[in-house]
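Using the sequences and the hints, build the whole thing.
What follows is the residue order along each chain.
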Amino acid sequence: MRRTVTAVVPALLGYFILSGLNCCRHLCLVPIASLKLFNSATGVWWRVIDFVNMASTLFRNVIQAQPLFLNSSALLRRKNGVLYCTMKSTSHSHTQTATEEKQQQKSPQKIKVPPQKQMKEVSKIGADYEAVIGIETHVQLSTLTKAFCSCPYSYGAQPNTCICPVCMGLPGALPVLNSKVIECAVKLALALNCRLSFSSKFDRKQYFYPDLPKGYQISQFDIPIATGGSIDLDLPLEFGGGHRRFGITRIHMEEDAGKLMHSGNGSYSQVDLNRAGVPLLEIVSEPDMRTGIEASEYAAELQRVVRYLGVSNGNMQEGSLRCDVNVSVRPIGQAEFGTKVEIKNLNSFSAINRAIDFEISRQVNLHSQGQQDSIVQETRLWEEEGKWMVFFENTTATDPIPFLVQKTVTMRKKEGLADYRYFPEPDLPEVVLTKAYMDSVGKSLPELPEAKRRRYEEMGLSMQDVLFLANDIAVADFFDATIQKGADVKLAANWIMGDIAAYLKNEKLSIIDIKLVPHELAELIASIKSGTISGKIGKEILFELLAKGGTVKGLIEEKDLVQASYCFSRSFLHRITDLGDIEKMVDKVIAENPKQLEQYRSGKTKLQGYFAGQVMKASKGKANPGILNKVLVEKLNAKV
Amino acid sequence: MLSTLHSPRSLSRFPLHLTSSVKPRAASASSASSLSDYPPPPLPVAQSPGGAPASQILTIRRSLLSGSVTATQLAESYLSRLRLTEPQLNSFIHVSDSVLKSAQEIDDKIAKGGGEALGPLAGVMVGVKDNICTADMPSTGGSRILENYRPPFDATAVKRLKEKGGIVVGKTNLDEFGMGSTTEGSGFQVTANPWDLGRVPGGSSGGSASAVSARQCVVSLGSDTGGSVRQPASFCGVVGLKPTYGRVSRFGLMAYASSLDVIGCLGTSVADVGIFLNAISGHDKFDATSSKQEVPDFESLFASINLLESKPLSGLKVGLIRETLDDGVDSGVKSAINAAVLHMQELGCIVNEVSLPSFSLGLPAYYILASSESSSNLSRYDGVSLMSRYGKQTVSDELNALYAGSRASGFGPEVKMRILMGTYALSAGYYDAYYKRAQQVRTLIRESFKTALDTNDILISPAAPSVAYKMGEKKNDPLSMYAGDIMTVNVNLAGLPALVVPCGFVEGGSSGLPVGLQMIGAAFHEEKLLKIGHLFEQTLQGCRFVPPLVADDPTWSRT
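Note that the protein sequences, when read in sequence, are chains A and B. Sequential numbering of the first sequence, starting at 1, is according to UniProt numbering. Sequential numbering of the second sequence, starting at 1, is according to UniProt numbering.
None of these hints come from the bench; they were simulated from the model. One should not assume that every hint holds.
[Unchecked claim] As a list, the in silico BS3-like pairs of lysine-lysine whose alpha-carbon atoms are at most 27 Å apart:
1. Lys180/A to Lys443/A
2. Lys536/A to Lys435/A
3. Lys205/A to Lys436/B
4. Lys443/A to Lys539/A
5. Lys416/B to Lys435/A
6. Lys416/B to Lys205/A
7. Lys606/A to Lys617/A
8. Lys584/A to Lys536/A
9. Lys606/A to Lys584/A
10. Lys292/B to Lys435/A
11. Lys436/B to Lys201/A
12. Lys292/B to Lys201/A
13. Lys201/A to Lys475/B
14. Lys553/A to Lys588/A
15. Lys201/A to Lys450/B
16. Lys505/A to Lys539/A
17. Lys528/B to Lys180/A
18. Lys180/A to Lys285/B
19. Lys285/B to Lys205/A
[To be verified] Derived DEER-like restraints, expressed as beta-carbon distance ranges:
20. Asp128/A to Asn400/B: 53 to 61 Å
21. Thr434/A to Lys450/B: 23 to 31 Å
22. Asp297/B to Met261/A: 47 to 55 Å
23. Arg437/B to Thr434/A: 29 to 37 Å
24. Ala157/A to Asn400/B: 28 to 36 Å
25. Asn193/A to Lys292/B: 33 to 41 Å
26. Glu384/A to Asn400/B: 23 to 31 Å
[Stated by the list, open to error] Just some of the chain B residues that point at chain A, by a computed CB distance under 7 Å:
27. Gly252
28. Leu253
29. Ser259
30. Ser376
31. Ser379
32. Arg380
33. Asp382
34. Val384
35. Tyr403
36. Leu420
37. Tyr424
We put the beta carbon where it would ideally sit given N, CA and C, even for glycine.
Quick look at the structure:
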């Protein structure tokens, strides 16, 4: 790279703290609640704005839209298939995050939709119309410092504590690019098979909003750092499975804005600039997706990729991965796209899926009623919270059926008129990449989810196992390390997906938090396979290892000692594999049961099980069943 | 004749002497030898015989080290002159109250025997243009929207000059955010030209130029986006240097047009400007556009120059830009420039006319680019952000009304006009016709300068087409005011260094009005400009650039 960029500006922060600004102290000491509208004494860093009118402008359409669904005409329209009701909460794939699953569990099972309605809807879309979906994703990079200054950023920090003159946009402050941002962008671009620009530049995107302290966002406009890539994914089996490849239009670098916090009564708002200047990568997809599930799986795969690369935590709840979805519908066979609608406020993969399917239904319905002109280019919000509604099926019905109505509502119209007056950012030099730099970053890339899935598939694992294991890089790493130690592939997968996954879920832990190490799991699997311990005992040891750690060998010995002190004699855990010992026991049992022996030898061979049981009993369950049976059959059938 | 031009004046000698009370245009007839024998005066007034200015900075350092004067005495003398002249001039928006404290610290250091460790600017009074951030003083950019704003940090240039012992006297007046050529566009006050109080000091660094000219401070920081250091230097008869883009960090300079803005220096001699530039230059990790080019030691350069040589600039190729002497340039200015050309030829220069065909395109291209960038840079003054605490914020129920109200009452008319022009030029559908074409013109201009500087060592032109305007003369005629920037804007578009040295007078005021000669060099060749400028200044006969206001002031020139 030609340019040099610095990420550390400690002196600046020093100035800031040492200069003992009164307002700086206000930041820390003044509780949010004590700030009042236009309190010029304290309202400096916490910008105080009256948002009453603004909020009403912003949400006017929301307010107007609701009664529509509450009156009888809404019911009528529902019967025409407009009203979309969620029932897909059972259909989430295991690619989703734990938090998301939790959220879905919160949605009660009350959600019911007359199934035939859904079917009709889906078939209608399939037969006559096609949806076209493109996604713009913002990924917040987990760099130590912000994009253009040395402020650290941590989610959930006290408001306005991670700020400096640069990210506050003070007069005279200048941005200096953090080189880690370029590294992250190059990593992701290579992972998504993009063409990198040897020379790209930053531009200013200009608009006024209180969360944007400079009045412009530093972004990339006409020459992004990367263009023209693709992403591969496998749809979960419950959605019919199948491999998909979706195009990536471009990736560019930009900075995040601050956050507005609106007061409870809406009379004022406050600005938290902690997030201002945090680096983002925006990934724009080609309009290649056709269904809600394809779109949500695209987002899930993107999350996997950024997590594999370590460029972002990809957490949707924290806003580290944000998806804005563009949906349009066109009659099948039509070449040009329909009018697109952008949907925002999608906080989970299932929300993406449901919001898109709702929006498709809404648009298809308008098309089928000949009202496609009323689809306008606009931004709509997904109402995740929804509204519980009760209606009566037919007029004669007596059972009220509760519905959770989640829908998209208009946020702002006339999208096309926004003029951001982009022009090249004069404060930052061009971003110049060399071939050598690209190659060195390329070499540092880890095995990516797609490659991992194909490798697991080749190992003979089922698609279900493949998807589970490759979903989380920590799980995949654990699995890889386990089989590296020679563990049986299928058995390792079963242990991880079964008991270990269950334990993690119960304890709300991640696989990196547990005390079990892959080497010991491999050891455990080997001990069971070799017959040293039984599966049942293996499980006991596993839980011991998960909670307390230690080694398989150590635990076996430890248990041995414990048993010895109580029973004086035999090992509790060790399988008795010594042929001589087993022969002795078999001989003893045979000698003690002459009657049964006679019956056996006269043809009642089923009694082999009885003998085996007796030997096992005598061994306190520790005789190796393979050896036992072998010896037993030999002895029983021995010609005397 | 040449021998009389090169009277024995060596910078290393720097005779401290009392200036005579003669009117500035009349060269002193006193001989160097007689004056240098005088005992040290209470003030180290740097003025060598014959009117050629000596370095105030070097004189101050010698006086401090020899103990002939203390930093406190020095500071007091500058402050008393400042107080005396300020009611007429209004150069400063804010005067520091810690000047004497800083001076005392320097004296303490000297008293403890730390004289050797004194920085190159120790005890030097510096004026700082108010669009350059200072942590301990208000920084308004000349705008009511930032009234009482105190930044939490020093600009890099300010930090560096302080580290080298410089004392910031105060914040100098300017056209709001640097947008103007008269300093009448300040949101606070109108600054007068020390040569004629009824005239403007030029702009936008009018306060910095007037303060240096009136000896209210030794040197000052200005900013130059389209000529804002050079044109006021010319109007006020001082030396002004616009360094190469990237030579001085812009961190802490309130951005007007980021791709053109440069922090520059003003002083009463080329040596002072060179020493001052050296102190503030160099790469800064807080400014991604600052250059890593090495900064030469300009001070040793001046020491090495032999003023006794008969043709010290022998063989130097000087290109006189033909387009800068077209119609529209005052005849008085033309004749002063012609005299300067003759003087350069006497020094051994080969002066040829060169043509820069794209020269006239510079002005419209400049106004489009500068306005476009300013419309963006000034977005942050929205009445919502932190600055609003100090400046204008209107009370409003609704966000857009809050923005509109704050900006309408906070910005002056010139700033509003440029924001509107810039917003228009960047708007969808107009971008290609305006902004993009202006950038193409910029490339042409850069190339034409490169070609001209490949065959010439430096280019010269007047610094402005006229001398200082009367107050109010251009106020209602923005186009004619913009046209006054024709000489300087091209240099900003090309990012080159340029030095303005006073070269003569035009009739006007009580004692004539100074004319500045602009010398343009190749990128990062400030050293060459300073050397030529120094020789030119030290050998120039018959001109003494001390304004009547100060020449009559007993604290400056005692008899």
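Going down the list of hints, with the structure as the test:
{"no.": "1", "hint": "Lys180/A to Lys443/A", "verdict": "holds, 16 Å"}
{"no.": "2", "hint": "Lys536/A to Lys435/A", "verdict": "violated, 56 Å"}
{"no.": "3", "hint": "Lys205/A to Lys436/B", "verdict": "holds, 16 Å"}
{"no.": "4", "hint": "Lys443/A to Lys539/A", "verdict": "violated, 40 Å"}
{"no.": "5", "hint": "Lys416/B to Lys435/A", "verdict": "violated, 46 Å"}
{"no.": "6", "hint": "Lys416/B to Lys205/A", "verdict": "holds, 20 Å"}
{"no.": "7", "hint": "Lys606/A to Lys617/A", "verdict": "holds, 18 Å"}
{"no.": "8", "hint": "Lys584/A to Lys536/A", "verdict": "holds, 25 Å"}
{"no.": "9", "hint": "Lys606/A to Lys584/A", "verdict": "holds, 22 Å"}
{"no.": "10", "hint": "Lys292/B to Lys435/A", "verdict": "holds, 24 Å"}
{"no.": "11", "hint": "Lys436/B to Lys201/A", "verdict": "holds, 16 Å"}
{"no.": "12", "hint": "Lys292/B to Lys201/A", "verdict": "holds, 20 Å"}
{"no.": "13", "hint": "Lys201/A to Lys475/B", "verdict": "violated, 39 Å"}
{"no.": "14", "hint": "Lys553/A to Lys588/A", "verdict": "violated, 31 Å"}
{"no.": "15", "hint": "Lys201/A to Lys450/B", "verdict": "holds, 25 Å"}
{"no.": "16", "hint": "Lys505/A to Lys539/A", "verdict": "holds, 17 Å"}
{"no.": "17", "hint": "Lys528/B to Lys180/A", "verdict": "violated, 40 Å"}
{"no.": "18", "hint": "Lys180/A to Lys285/B", "verdict": "holds, 16 Å"}
{"no.": "19", "hint": "Lys285/B to Lys205/A", "verdict": "holds, 25 Å"}
{"no.": "20", "hint": "Asp128/A to Asn400/B: 53 to 61 Å", "verdict": "violated, 44 Å"}
{"no.": "21", "hint": "Thr434/A to Lys450/B: 23 to 31 Å", "verdict": "holds, 27 Å"}
{"no.": "22", "hint": "Asp297/B to Met261/A: 47 to 55 Å", "verdict": "holds, 54 Å"}
{"no.": "23", "hint": "Arg437/B to Thr434/A: 29 to 37 Å", "verdict": "holds, 32 Å"}
{"no.": "24", "hint": "Ala157/A to Asn400/B: 28 to 36 Å", "verdict": "holds, 31 Å"}
{"no.": "25", "hint": "Asn193/A to Lys292/B: 33 to 41 Å", "verdict": "holds, 36 Å"}
{"no.": "26", "hint": "Glu384/A to Asn400/B: 23 to 31 Å", "verdict": "holds, 29 Å"}
{"no.": "27", "hint": "Gly252", "verdict": "holds, 4 Å"}
{"no.": "28", "hint": "Leu253", "verdict": "holds, 6 Å"}
{"no.": "29", "hint": "Ser259", "verdict": "holds, 4 Å"}
{"no.": "30", "hint": "Ser376", "verdict": "holds, 5 Å"}
{"no.": "31", "hint": "Ser379", "verdict": "holds, 2 Å"}
{"no.": "32", "hint": "Arg380", "verdict": "holds, 5 Å"}
{"no.": "33", "hint": "Asp382", "verdict": "holds, 6 Å"}
{"no.": "34", "hint": "Val384", "verdict": "holds, 5 Å"}
{"no.": "35", "hint": "Tyr403", "verdict": "holds, 6 Å"}
{"no.": "36", "hint": "Leu420", "verdict": "violated, 13 Å"}
{"no.": "37", "hint": "Tyr424", "verdict": "violated, 10 Å"}
In terms of the numbered hints stated before, the structure departs from hints 2, 4, 5, 13, 14, 17, 20, 36, 37, listed from lowest to highest.
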